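S.K.: Given the coordinates of chain Y, work out where chain A should sit on it, guided by the hints.
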Amino acid sequence: MATLTLKSLAIGGLKSIDLQVAAGEIVCLSGASGSGKSRLLRAIADLDRHSGNVHLGDTSQSDVPGHSWRGMVMLVPAESAWWYDTVGEHFSEHPEETLQQLGLDADAFNWPVARLSSGEKQRLALARALARKPAALLLDEPTANLDKDSTERVESWLRDRIRQQQLPTIWVAHHEDQIARVADRHFHIVDNGIEEQEMTA
Amino acid sequence: MNVIELSWWQLALAALLVIALAACTFFARLGVGKSLLIAAARTAIQLALVGLVLEALFSVGSLHWVALMGIGMLLLAGREVVARQKYNLRGGWGFGIGTLSMFISAFAVTVLTLVAVISPTPWYTPQYAIPLLGMLLGNTMTGVSLSLDRLTESARRSRAVIENRLMLGETAQQALSEFRRDAMRAGLTPIINAMAAAGIVSLPGMMTGQILAGTSPALAVKYQILIMFTIAAGTGFGTFAAVALCARRLFDGRERLRLDRLRS
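These protein sequence lines map, in sequence, to chains Y and A. Reading the first sequence from the start, the letters are residues 1 to 201 in full-length UniProt numbering. Reading the second sequence from the start, the letters are residues 1 to 264 in full-length UniProt numbering.
Chain Y with its partners taken away, still in its complex shape:
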């Protein structure tokens, strides 16, 4: 149960971002394409060089090796990559109830990766990340490739997991209605920084 804290983080066009995300809180981040949302998430996961610092609870990014940090502060990219032949090989255990909750066939762990649709990939990538038991989540448009039904199913599954496991979460989202459904707070990228928006709901 830890707070994710960004302290004067700067990467690319973004300068000096300060943000605190409490345990179990969902902060939505929006902004025009190219404004640096994904790069900000990559900086928080320490995948790109950046200045400023990020803390998870008492642990600073630079206190632990890169892979340990990313194992705790887990980024789920908009386009996931798959490197083994079948889906199941990417998982250490096979939680079949997760598949059902995400609206996927119970047999999906045996599927070859080559036949996955983009929507299936996106849901499986979320399942894969959460199966690794992260301590914080960075979601880059987690429902971009999903239809309306699946979107709502994935939203509620993610919300439950985030509340249950008390994960501080930064969720990059485009649609106002999705932000209204999932966000506790909402920030928009303006010029070189982020600006808190009033929640409409």
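If you're looking for bench data, these hints aren't it; they were derived computationally from the structure. Note that the structure is predicted; figures quoted are calculated from it, not measured. For every residue, glycine included, the Cβ atom is placed at its ideal position computed from N, Cα and C. Treat each hint with caution, since some may be false.
Stated by the list, open to error - Covered stretches of chain Y (chain A as the covering partner; in silico rule of three or more C-beta atoms under 8 Å from a C-beta of chain A):
id, region
1, 69 to 76
2, 152 to 162
Unchecked claim - Derived DEER-like restraints, expressed as beta-carbon distance ranges:
id, chain 1, residue 1, chain 2, residue 2, range
3, Y, G88, A, L75, 47 to 57 Å
4, Y, Q166, A, G253, 26 to 36 Å
5, Y, N192, A, G72, 52 to 62 Å
6, Y, H94, A, L30, 49 to 59 Å
7, A, G31, Y, S68, 24 to 34 Å
M.R.: Frame of chain Y, contents of chain A only:
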């Protein structure tokens, strides 16, 4: 052991064959005639120069000159490794890694073979040392450059896979493991194929040369087996070192994939 003397005009006859081939490719518009002639000219000039250098070196035969020749060959091989890469590590790292891994493998195996196996007196006798080092460097260079090329290219092409594995909390070396294995295999395949086909499909060049020069086939075969084994060891260790060093250099201290360290 008497060798039939070859004179320059006899070589000119062989050169006519190459010129005839170049003429044919010119009329067939294959567009390789010019580079074929340049390569043939390079062969003649380079080998003639090396012949002069070796004649001089054999007559002096001191350790200093043999060592200097060896280092010169090593640096040229390092340059060749860089020239054969599609993507190279910036800031001289490509040259450094290639040269260092060839040094620790090809040099070590050559010295070991000279001292422990062939043991001429003195151990650095140029007649043995230089051809042995040349063959080892040539083959190690092929292995090192093929493996580095494969590794850097797959890092570039498979950036999404590598970074997604990093995002899931894997270490840099785990994220790269499959590509390291591919690169090792690419570097070792030529020597494995050469060993498997030796004597059946092809008569290896050194053995052919020794037999032409009057050595008994039984002895030529023993030398060829020795050379094959040392080449396999040199190529293997050199490829191993090059892949390990390059794989480290592709990531920084925070285990981020650093493709900006490559230039095309």
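S.K.: If a hint holds in the structure, say so; if it doesn't, say that too.
M.R.: Hint check results:
no.	hint	in the structure
1	69 to 76	holds (count 6)
2	152 to 162	violated (count 0)
3	G88/Y <-> L75/A: 47 to 57 Å	50 Å, holds
4	Q166/Y <-> G253/A: 26 to 36 Å	31 Å, holds
5	N192/Y <-> G72/A: 52 to 62 Å	55 Å, holds
6	H94/Y <-> L30/A: 49 to 59 Å	57 Å, holds
7	G31/A <-> S68/Y: 24 to 34 Å	55 Å, violated
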